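2 protein chains.
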Amino acid sequence: MDEKLKIGIVGLGTVGQGVVKVLSKFDDIEIVAVAVKNLTKKRDVQISNLTSDIYELVNNPEIDVIVEVAGGLGVYEYLRTAILNKKHIVTANKELLARYGSELFDLARQNNVVIMYEAAVAGGIPIIYPIKTSLSANSFVGVAGILNGTTNYILTKMEEENLSYEDCLLKAQQLGYAETDPVGDVEGYDAMYKIAILSNIVFNKRIDLSKIYHEGITNISSLDLKLADEFGYKIKLVAMAKKMSDLSGNDCLDIRVHPVLVSKDESLADIKNATNAVKLKGFPVGEVMFVGAGAGEFPTTSSVVGDILTIKSEISKQDKVLPMTVCHHTDYANQIHIDDTQNCYYLRINASNTPGTIGKIGLACGKFNINLSCILQKGVNEDRSATIIVITEECFERDINNMIKEFEETSEVRVLNRIRVM
Amino acid sequence: MDEKLKIGIVGLGTVGQGVVKVLSKFDDIEIVAVAVKNLTKKRDVQISNLTSDIYELVNNPEIDVIVEVAGGLGVYEYLRTAILNKKHIVTANKELLARYGSELFDLARQNNVVIMYEAAVAGGIPIIYPIKTSLSANSFVGVAGILNGTTNYILTKMEEENLSYEDCLLKAQQLGYAETDPVGDVEGYDAMYKIAILSNIVFNKRIDLSKIYHEGITNISSLDLKLADEFGYKIKLVAMAKKMSDLSGNDCLDIRVHPVLVSKDESLADIKNATNAVKLKGFPVGEVMFVGAGAGEFPTTSSVVGDILTIKSEISKQDKVLPMTVCHHTDYANQIHIDDTQNCYYLRINASNTPGTIGKIGLACGKFNINLSCILQKGVNEDRSATIIVITEECFERDINNMIKEFEETSEVRVLNRIRVM
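Protein sequences, first through last, are from chains A and B.
Our numbering puts the first sequence at residues 21 to 442.
Our numbering puts the second sequence at residues 21 to 442.
The set of hints was computed from the structure by calculation and includes no laboratory data.
Predicted, not measured: the structure shown is a model, and the values here were computed from it.
A few of these clues could be false.
Heads up, the list lumps identical chains together, so a pair's fine if it works in one copy or across two of them.
[Stated by the list, open to error] Okay, derived cross-link-like pairs now, EDC-like style, lysine to aspartate or glutamate, Cα gap no bigger than 20 Å in a straight line: (1) K26 with D48; (2) K284 with D249; (3) K284 with E180; (4) K301 with E317; (5) K301 with E179; (6) K45 with D271; (7) K26 with E181; (8) K284 with E179; (9) K262 with D351; (10) K61 with D403; (11) K24 with D48; (12) K191 with E97.
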C-alpha cells in the first residue's frame, strides 16, 4: 500500500484530462506517461511525459496499469500487448469490450491481470463492480436501462418543447451532447454496446453483438410523444436484456435496444435529459435502480479513477489478482431473435376515412392473432384521412410485422410508426 | 478459492432464514452452525447444527466469518470476541454500528479482519461497498436518502388515500411493515442510525450519534400533505448529511433526520411506499442515486450474501485483508447543531380571523429576520379562525423557533406544524 501505483494513460481528450486532474489529488498514484495523437495540441492539463507512441507505455516495465480513454477499436493491439506484459487495464471503451471483450478477458485471465471498465457503461454510475460484488448473491432475470444520454436528451426536449427530432438533434449537437455524426447514438449502437457488456456480467454469458436487435430514435415524431402521453406513456430508448425460454423451451436471452412506450408509473419514465438509469431485477434483491450522469468529463472520470483506486487497493497483495473482477464465464448465451419475441405495440396508423376501415384493421388483427388493448381516432384530418392509434396486447413481433406488410399492400391503411410498449 | 468458506450465523429470524435459503445455492459456503434464542421454534429452514450459545460460534476455530442477523445491542460482546478470534464479520445491525462501530472497526483493524455491513443501510441496495470502491475517487459534499421504508409507506398512504397517520400506521403494522412498537421507525431512530453509518463512510469521519438531530412523522397530518401538494411538494422523511462551514468558518457536517417538503421535481419525491433511495453528491461524479427495497427477507439477504461472497472471493489471498473495506479514519466529525442551520420552513398557522393578524405574522417575521416566500389563506374556518400557510426563505432554525415561541405567548396565532423544506 505504501508504494505508488504507476499508470500510463492512453488518450488525453475530455475524459483523459479529467482523469489527470482528479488523480492530482491522489499521492499514491503516479502518471508515468500519457500517449496522445497530437503532441503539440493545447490542453487543460500539463503533462511532462507525453508520447505519440502507445507502445512506449504498454512495453514500459515500470507501468502497472494502462488506463485507456482514447476510444475506438484501434487500441486493441496495444491493450493486447499491455496484457501480455502483465499490466492491468482500466478502460472506458464500450465498443472495444462489446466486440472483443471475450478475447481480452481470456488473455487477461491467462496473464493474471484484470480489466476494469466501470466507465464503459452508464458513465459515473457504479454498476459493473456492484454487480460483481454487493449483488453477487443474485440470479438476475432482467436488466433495462436508459444508457444513452444523447437520445434521452433529444426525446425529452421533443416532448417538453414539442420540437422535431431534427431541431432537438441540432440542439444536442450545439450543447456537445451529440457528435457531428450522430449515428452511433441515434441509431442505438452506443446503447447496444453497453447492454452487451451489462448482459455479459448480469447473466454470466458471452454475448454475440450481431444477434442484438437495435433500432434508433430517428423515426420518433413529437406527435408520437404526444399520443403516447395521452395513453399514459413516455417514449424512451431503452436497452434491455431478459432471461426467457426460446420457442423450443431452452433458456435464452432476449437482448435489444429500441424505443419503447414506458408507462408513466415506471421509474424509467422519470429519467430526463442526459441522465442514465439502470434497473436490475433478480433474486433475492428484487428490483434495484441506479441513476446518474451517463457521460461527461467528470462523471466518467469518477468511474475511471474508482477503478484505478480499486486496483491500487488490491495490487498490494501478493497474488495481485482481484477474484471478483476476473471474468469466469466463457460460454455464449443463446440469444433469441427479435422476430420470436412477444411484445405489446403502439401503432400510429393513417387510414382513409371510408366506411369499414376500422373493420379492416380489426380483421387483419384477428388474422394475425393480435388482440387490441386500446384504439383511438380523434376526428378526421384535412385530407379526409384519419389518424388511428392502436395499442395491442402481447403478440409476436413476426405477426405484427406481417400484418403491417399486408396493410402496405392495400391503399387504405398505412402504419406510419410502430413502437413497442414496455 | 477451492476451499469452502465456513460461516456461523447468529440469528434465524426473517433475514437469517433468507440467508440460509440463498446460501444453499452456493457450494463454496458452508454453514457450520447457527445460534438462535429458541431451539425448538418452527422455522422455514432445516439446520442440523443449531445452538443457543453464541460463544460456540465465535469461539469455534473452524469458522471464518460470523454473520450477525440477530439485531440489537446484545450481540456486541459476542462480535468483539469473534473479532479477537480473527473472524470476519458480516452484519445487518445498524444500531450496533451507529453506536459502537468505532470500537468494532478499531478492533477489526487491529486483528486484520473486516466488518462488512451492506445490509445495514437501505436493505438490498448496494451502497456501502460501491462508495468504498467504484466511487472512491470522489470527495462528497452531501448524501440524502429515504432510508426508512415504514415511514415512507405511511406518508405515501396518507397522501394517496387521504388517511390519518394513525390509520396508515395500523395498515403498515398489519402488512408487517411496522412493528407493534413503532417508535424506532416513526420517530426517526432507524433512519438516524443509517445516516450515521452512511456519513461515516461518505465523509470519512466518525459520527457522534447524540449530535444528530432527529424528528419523526407523528406530527404530519394528511392536511399538511394536501397543502404541501398545492405548493408543488411532497412530504418525506429524509435523512441527510452535508458538508458545510460552522459559524466560526470551520468545516463541519450537518446531519439530521426529519420530515421535509421535497419539490416534486426532485427525484426523492417520486420514491413511494416502502422503497428506499440514496442520493449522493460529490466531485467528480456529480449526482448519483440508488433505489430499491430497503427491507424485507430477500432484499436484505442479497446484501448479506453479497458481503459473504465478497469476503470469500478475497479471503483466498494470503494476507486475508480487503483494503477497501477497512475503516481508515479515526477522527470525529465536527457536527453542527440543528439550531445553527439555515432552512426554508413550511408553517401551518391557525390564527384568529381578526383585522391585523396577517400583519402581526409579518411583523414577527421581520423581527426575526425571516423573509416569506409564499403565504396562503383560503377562506375562514367554521370557528372563525383561519388556516394560514407560510413558506419562508432560508433562515436560522434558532430564529424560526424563537418566533414560534413568541407566537405561543399571544392568543391570536398558533403554529400547528412546522416542516423544513428541502
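Going through the hints against the structure:
Taking the shortest alpha-carbon separations for K26 and D48, only the intra-copy value of 9 Å comes in at or below 20 Å, while the best inter-copy value is 35 Å. Proximity of K284 to D249 under the C-alpha cut-off of 20 Å is found in both arrangements, the shortest distances being 9 Å within a copy and 19 Å between copies. Both within a single protomer and between protomers do K284 and E180 lie at most 20 Å apart by alpha-carbon distance, with minima of 15 Å and 16 Å respectively. In this assembly of identical chains, K301 and E317 lie within 20 Å of each other by CA distance solely across copies; the values are 16 Å between and 30 Å within a copy.
In this homomeric assembly, K301 and E179 never come within 20 Å of each other (Cα to Cα): the closest approach is 28 Å inside a single copy and 28 Å across copies. For a Cα distance limit of 20 Å, the shortest separation of K45 from D271 across copies, 19 Å, qualifies, whereas the shortest one inside one copy, 48 Å, does not. Proximity of K26 to E181 under the C-alpha cut-off of 20 Å is found in neither arrangement, the shortest distances being 49 Å within a copy and 59 Å between copies. Within a single copy, K284 and E179 get their C-alpha atoms as close as 14 Å, and across copies as close as 19 Å, so both meet the 20 Å cut-off.
With identical chains, the CA atoms of K262 and D351 are at most 20 Å apart within one copy only, with a shortest distance of 17 Å there and 46 Å across copies. Proximity of K61 and D403 under a CA criterion of 20 Å is satisfied in neither setting, with 58 Å inside one chain copy and 77 Å between copies. In the homo-oligomer, the alpha carbons of K24 and D48 lie at most 20 Å apart inside one protomer (5 Å), although the nearest pairing across protomers, at 35 Å, exceeds that limit. Proximity of K191 to E97 under the C-alpha cut-off of 20 Å is found in neither arrangement, the shortest distances being 37 Å within a copy and 62 Å between copies.
The structure shown violates the earlier hints numbered 5, 7, 10 and 12.
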